[in-house]
Amino acid sequence: MADRIIKIKINSKEISCKHHETVLHAAKRAGIYIPTLCDDDRLEAYGGCRLCLVHVKGVPRPLPACTTPVADRMEVTTETDSIRKIRKNIIELLLSNHPNDCMRCEATGDCTLQDLSYEYGADGTRFAGEKWDLPIREDNPFITYDPNKCILCGRCTRICNEVVMAGTISLTGRGFNAMPDTSFGQPRSLKNCEFCGQCVSTCPTGALTDKKGKGKGRAYELTKVRTTCSYCGTGCNFDLNVKDGRVVKVTSAYDAPVNHGNLCVKGRYGYDFIHSFERIRKPLVRKGDKFKEVSWDEALEYVAQKFKSLLKKYGPSAVGAFSSSRCTNEENFLISKLVRTVFRSNNVDNCARV
Amino acid sequence: MPTKTKLRGPEISDLMIKVCVGTGGLAAGSREVIEEFDRQLRSKGIRATIVKKCVNKTGCRGFCARDVLVDVIRNGRPDTYELVTADRVARIVEEHIVQGEPVQEWLVGPEYHDFHDKQTKILLRQCGQIDPEDIEAYIAIRGYKGAKKSLALDPYEVIEEVRLSGLRGRGGAGFLTGMKWEFCRKSPGDPKYIICNADEGDPGAFMDRSIIEGNPHAVIEGMIIGGYAVGANLGYVYIRAEYPLAVERLKIALDQARKKNFLGKKIFRSEYDFDIKIKLGAGAFVCGESTALMRSIEGERGLPRPTPPRSVTKGLWGKPTALNNVETLANVPLIMSKGGKWFATFGTPKNTGTKVFALTGKVKNTGLIEVPLGIPLKEIIFDIGGGVEKNRSLKAVQTGGPSGGCIPASHIDMPVDFDSLSRIGSMMGSGGMVVMDETTCMVDMSKFFLAFTESESCGKCVPCRIGTKRMLEILERITEGRGRKNDIDLLIELGTDIKLASLCGLGRSAPNPVLSTIQFFREEYEAHIHDGVCPSRVCKALRQYTVSEELCRMCGKCFRACPSEAIAWEKKQKAVIDRTKCIKCGACYDACPFDAIL
Ligand SMILES: Cc1cc2nc3c(=O)[nH]c(=O)nc-3n(C[C@H](O)[C@H](O)[C@H](O)COP(=O)(O)O)c2cc1C
Ligand code: SF4
Ligand code: SF4
Ligand code: SF4
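For the record, the sequence lines run as chains A and B. By my numbering, the letter at position 137 of the first sequence is numbered 137, and the numbering carries on one by one without gaps. Residues are numbered in my numbering as their position in the second sequence, beginning at 1, plus a constant of 354.
Since the hints were made in silico from the structure, they are not lab data. Honestly, I wouldn't trust all of these hints.
To be verified - Listed next, the stretches of chain B that the computed footprint assigns to chain A, with coverage defined by at least 3 CB atoms under 8 Å from CB atoms of chain A:
1. 721-732
2. 808-815
3. 846-858
We put the CB at the ideal spot given by N, CA and C, even for glycine.
When you get a sec, could you build the whole thing from the sequences and use the hints?
Below is the structure:
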């Protein structure tokens with residue numbers, strides 16, 4: 001039952017699906033685009049933005065692709081006139097309570113709402129009415145929260161509760177006045193927040209942005225360089241965003257096999273060291289009471305010689321290695337290999353302690 | 355205070371006095387009335403039983419406006435007094451009880467009898483007759499027979515009986531209860547739950563409160579039967595915290611049922627365990643929606659989630675759950691003790707049984723009524739309701755609460771049942787029924803209802819959260835005289851999309867009042883927008899105040915009341931309003947003692 005294969009058609013294209021897969025998921029796999037604002041692969045399906053509504057043959061009302069499970073011989077159409085009209089109205093409604101100041105918004109070029117309003121030729125004028133005019137929240141070191149740009153997709157609150165499990169933020173208020181916030185609107189601080197920036201990473205608009213990268217470059221000006229985090233052995237990947245040879249921020253790599261775009265505070269915000277003047281960039285060898293810059297070859301040769309002479313004079317039990325938990329598993333494996341097979345010693349350990 | 359007061363003294367055979375102590379009765383002073391009866395009878399040394407009757411403002415009476423209502427029953431013959439106050443008690447005791455001559459001028463009139471005689475009371479009859487704080491009173495009217503009988507049957511036989519009755523959920527959607535229970539029974543998963551939805555968030559609705567206040571044991575018995583049928587060992591009653599009396603009575607009833615082993619382990623000496631917990635709701639309308647309600651019980655914010663999966667497969671704590679409305683469950687014991695076939699004799703084949711409605715608005719007799727489903731709307735309004743107040747003409751009837759629709763007077767012959775109501779763009783909803791006459795402005799009325807749903811939207815999905823807000827703003831500007839040419843089209847477009855695209859029933863029905871009034875009363879919207887006139891003269895900003903030459907008695911009160919010097923008046927002169935200076939505040943209208951301001 002669980003792995004029964006189901007065949008459906010999306011826009012006449014036949015797709016084989018797994019039991020319990022959603023229409024949105026099947027469409028994504030097949031490379032068929034369905035717009036959405038509240039979907040993030042890291043999160044449970046939500047069904048809040050109503051943009052992924054699609055037409056399913058035989059069902060009178062449009063169904064949300066993100067929460068509708070596939071069923072055998074289901075025939076889905078992702079775009080019809082009436083569905084495009086509903087989507088456009090939804091985007092127009094969102095824009096009717098939006099500051100629409102894309103020109104100075106940090107998210108320009110990296111904003112799903114902006115993309116959709118372009119795609120659907122939508123603006124907020126038809127439904128113009130009361131607009132939020134709430135204070136921008138700069139009350140913490142890492143995250144800027146401009147509630148006026150929030151579209152209530154609930155991604156930030158869900159990632160904070162479902163993935164991070166920090167419970168820092170939640171939806172508050174009702175109706176037009178509902179918005180994500182901390183309890184009692186307190187600042188995000190060490191008391192209630194991990195500063196992992198997961199909420200920022202999932203926000204589809206400019207409502208949540210990284211403070212550190214502010215004004216340092218638009219998405220299209222930045223070169224993304226994939227790297228592995230150097231803080232711990234988990235092996236999270238992320239993208240260093242580089243402009244003019246300098247790292248200006250870190251963004252999630254959603255296709256990363258280990259972390260699927262998730263990061264902690266160190267990986268996401270701890271990149272100041274990269275351009276620090278105090279950073280050691282070349283090997284140093286102590287000569288008397290001074291350090292001397294040397295080449296890698298020279299440094300390695302020096303260490304090898306020292307080990308060799310120690311081994312000869314005192315035997316394997318006199319040497320050992322102490323590895324770092326910031327190294328990857330592979331690196332730790334290599335060091336233990338070196339100690340056990342080359343030094344023929346069992347003196348190998350790691351700093352990881354609970 | 356004890357429920358029954360036994361007095362010693364010379365015997366007047368079979369004397370019983372029943373005093374209405376529902377929320378309405380209590381407010382009208384029934385406590386004082388009881389004390390006074392007690393004092394008077396005591397002083398005359400008469401022995402009588404005083405029963406706190408009805409315990410809710412409707413149940414037996416429905417005649418909220420006439421509280422305190424008192425029955426004096428001698429030798430089985432009841433006489434009902436209305437508008438009883440403590441100072442009337444002495445005369446009633448002296449003339450009626452001592453001398454045997456009822457005080458004719460204080461007895462209820464023929465409307466009272468019309469109001470009652472035309473109804474079919476299955477549920478409310480019980481509510482009125484028994485003391486809700488005494489389980490023995492319920493047992494005396496064959497209470498808990500249905501549960502006992504059910505536990506001796508196979509759960510599927512219970513489901514079959516309920517299916518045979520044709521009972522449809524009274525919470526609004528009218529889903530077949532037997533089918534819901536069968537789905538839940540058949541869903542894999544353990545444990546299972548049954549929940550009683552007593553959230554009743556519609557403004558003006560109080561049928562569920564009345565049932566719980568008047569006969570809590572019927573609801574408990576219904577839950578026992580339902581729990582057994584679906585295979586649940588635990589039930590929840592989700593009830594709003596604003597119903598303290600209902601909660602209190604429910605708690606008393608639960609305790610009594612536990613003491614009798616009707617709840618707990620191996621109930622009714624069977625192998626079946628079942629107990630009930632009370633969960634208080636914080637008063638969010640959306641928490642009446644099934645998935646939001648379950649999240650709320652779980653301790654989360656009450657956000658609806660999309661279905662599937664339905665609650666019968668993945669409900670509370672992810673387990674199969676049957677959610678039923680109070681009235682639905684209260685019907686179940688009757689079905690089990692008297693049979694599904696008996697139940698199906700009421701109503702029509704697809705809409706069996708009776709339904710309790712809250713009849714309000716511009717109708718002569720207001721209150722809770724119970725009628726068989728399928729009854730023509732006309733009978734409700736004119737026979738039971740006594741027709742429109744002040745003999746004005748009927749304009750429309752709004753059913754289904756804030757998300758229901760309007761039925762114009764031209765459709766007054768339609769039957770009142772689940773399917774007919776939704777066909778006409780309204781719904782059964784919780785059973786609200788508001789009567790409107792020519793003095794009701796349909797734009798203003800739909801603005802009122804939409805303002806409720808808009809503020810109660812949970813905020814999760816865009817069409818409901820922002821869409822209803824924008825619709826409300828459009829209605830506001832229309833009623834304030836700032837309507838725009840294409841506003842009606844905009845309302846229809848938004849309303850249609852909100853209904854199609856919203857996640858839960860709240861958003862999907864919120865535009866109903868607006869759409870149905872546009873359908874049937876479009877010309878009223880047009881008059882507001884194009885002519886700047888509110889035909890019913892309700893919308894203040896659209897009123898054009900003038901002084902009737904005929905009616906003006908030249909007193910000058912309007913002149914003195916006007917804050918913007920728009921009225922010209924001198925002694926022995928009729929007043930004249932200068933429209934250019936008038937700010938339409940209505941001060942002159944309120945001030946004129948002769949209704950001369952039009
Ligand atoms: C916004 C909203 C509010 C609701 N409020 C109530 C309520 O107060 N009481 C109720 O019984 N059902 C309410 N319902 C209906 C319930 O979701 C559910 O259908 C019902 O309780 C099922 O019971 P039934 O089958 O016995 O009718 C509401 C539905 C919606 C969408
Ligand atoms: S930074 Fe992390 S912990 Fe803090 S609110 Fe965002 S997701 Fe939650
Ligand atoms: S802040 Fe961003 S992620 Fe959070 S609800 Fe608003 S738009 Fe969505
Ligand atoms: S329709 Fe309204 S109440 Fe229902 S989920 Fe959407 S926003 Fe919430």
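query = For the stretch 721-732 of chain B, do at least 3 residues have a Cβ located nearer than 8 Å to some Cβ of chain A?
reply = Check failed, 0 qualifying residues.
key: Whether chain A covers the stretch 846-858 of chain B (at least 3 residues having a Cβ closer than 8 Å to its Cβ atoms)   = Check passed, 7 qualifying residues.
inquiry  = Is the listed coverage of the stretch 808-815 of chain B by chain A valid when you require three or more residues with a beta carbon under 8 Å from a beta carbon of that chain?
reply    = holds (count 8)
Hint compliance for this structure: hint 1 is the single one not met.
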